[in-house]
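Participant: Protein chains in written order, with our numbering: chain A, 1 to 194; chain B, 195 to 384; chain C, 385 to 586.
One or more hints might be untrue.
To be verified - Among chain A residues calculated to face chain C with C-beta under 8 Å, some are:
#: 1; residue: Pro-63
#: 2; residue: Val-66
#: 3; residue: Ala-77
#: 4; residue: Gly-154
#: 5; residue: Leu-173
Just so you know, these hints were derived from the structure itself, not from any lab. Built from N, CA and C at the ideal position, the CB exists for glycine as well.
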Amino acid sequence: MNQWKNFSKGFIKENPVFVLLLGMCPTLGVTSSAINGLGMGLATTFVLLMSNIVVSLVKNLIPEKVRIPSFIVIIAAFVTIVQLAMQAYLPSLYKSLGLFIPLIVVNCIVLGRAEAFASKNTLVSSAIDGVGIGLGFSFALVLLGSIREILGSGKIFNITLYSENYVTLLFVLAPGAFIVLGYLIAIINRIKKN
Amino acid sequence: MNYLVIIIGAVLVNNIVLMQFLGICPFLGVSKRLSTAIGMTGAVAFVMVLATIVTYLIQKYVLDSLGLAFLQTIAFILVIASLVQLVEIILKKVSPALYQALGIFLPLITTNCAILGVAILTIQKEFNLLEGVVYAIANAVGFGLALVLFAGIREHLDLQDVPKGLKGTPIALITAGILAMAFMGFSGLV
Amino acid sequence: MAKRESTFINMVVTLFLVTGIAAAGLGFVYDLTKGPIEVARLKAQSEAIKQVLPEFDTLGTSFKTLAEEGGDSLEFFPAYKNGRLVGTAVQTYTKKGFNGFISIMAGIDEAGNFSGYSVLEHEETPGLGSKMDVWFNNPEKPKQFVIGKNPNNTNFTVSKDGGDIDAITASTISSRAFLDALTRAYSSYEKNSDATSGLTGN
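Model the full assembly from the supplied sequences, consistent with the hints where possible.
Facilitator: Put into structure tokens, the structure is as follows:
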């Protein structure tokens, strides 16, 4: 596969959120604002990149039957690194993402890429795949977060667009997450068809 | 703390699926049939309670006392993964009937974030062991309630004339949104 | 290179190695970030103190006190200007929030009135309860403004419960919790005012 295709497939064609429907929990949980979506997306991208690199390096050293547990440990290690680093350098973002940072461990996207891609491919392709899928995930989160923030609090990236008196609060609350994502997937399906 | 508050809070007000967004994958994945939804709920409830007890003990007596709290994520996920394996092996030996019912759902549970989420939340909310167990059971009930309600709606949805573009996942998500809206009516109960 | 076979020894050794390396690596990162995490925590704390108190130049030694039986402790930060006490910041909490725990830094000036507050930690609903960081801090709306008041001269409950403070629209529970935290800060401030010389707890 050519590397550009390998990189860009994560955005629309194999977008983890809109098409593969993976990693739904953080997608719905943290996207009450665009900035939270971006933070979560980039944290996941880092974990994806690092775990893909390490998995592709050690893929031949790990016996078949303990593959999954070993991958989980590798992923959990990088998640904890992200957790500690965010606590140290971005404490307010860490606070607003809360529980969903440690839950990157069980994000099906990360284990899925390690298992389906990195354990079969070279270091370079695995790294590119990790970044591509990670940025595709971030793209989905930022898009969802922006729409919810614009409709629900009249802001985008914390910049006020219109008065709070006219917002539809529902969109930053839980039901808004489901509904906006539902319509987004419908639109993406439509785009993909053409 | 009042157990009733924990239970109502976890089942209705802060429903783990519809309000906290944990365990969305099985919520969307296995909710097409009522029977599979019930099976999944059973498996989740079983593992959630066990996992909460074991991770609680590990946090209190191993991680905290050794000053290794930063290994929480890695320790908890390992515990859950091995617990799922163990449950699978024991069930197979002890109760083949139960294994038949829950077996196919067990492997999916390791990556069900509701389990890890509840384990971490129990520590974060500084519950004691009994409160943790009550919290885990209540969350399992909340998970089951959301899943069963949703599966019931989806079975009917199959027969409806849904606009073409919204068929499948989109309409499922929008339905979930409306269900979440209904659950918002419980806010203020505790 | 061929894949390792799944013999028992191979599996155990691999899992052991992977876990060991991961744990060791994390220990190293933990050591690296321990300092910065503490610095970030202190910085957030001192910024909150600066925000809630009148101008001061030195911060006295902080001390902790139990607010009530079985509760968490509150932390007091007395602040001085030119050697004179100008106010005390109290890190207070409530467990009555919509989603449980809320932590607030509240400033009490030398006259014994609230001089400011800053919400440190909360899990309230975004757009509803989360508005408490500005709602009670709006001088244009005297009925929801808590600055310059204290629970002795004002009834610190929401107007729905017969009090003097207007609750956040559609977030009565978060508002009750907020006032609960402030009341807790004030009552233990009063209790401690004898213990700390110079405090004027009227």
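Participant: Now, for every hint given, state plainly whether the structure supports it.
Facilitator: Now the hints, each set against the structure:
The beta carbon of A:Pro-63 comes within 4 Å of a beta carbon in chain C, closer than 8 Å, and the hint placing it at the interface holds. Interface restraint check for A:Val-66: the shortest CB-CB distance to chain C comes to about 5 Å, inside 8 Å, so the restraint holds. Taking 8 Å as the C-beta cut-off, the interface hint given for A:Ala-77 holds, the closest approach to chain C being about 4 Å. Violation of the interface hint for A:Gly-154 is found here, the shortest Cβ-Cβ separation to chain C being roughly 10 Å, above the 8 Å cut-off.
Because the smallest distance between the Cβ of A:Leu-173 and any Cβ of chain C comes to about 7 Å, under 8 Å, the interface hint for this residue holds.
Violated hint: 4 only; the structure is consistent with all others.
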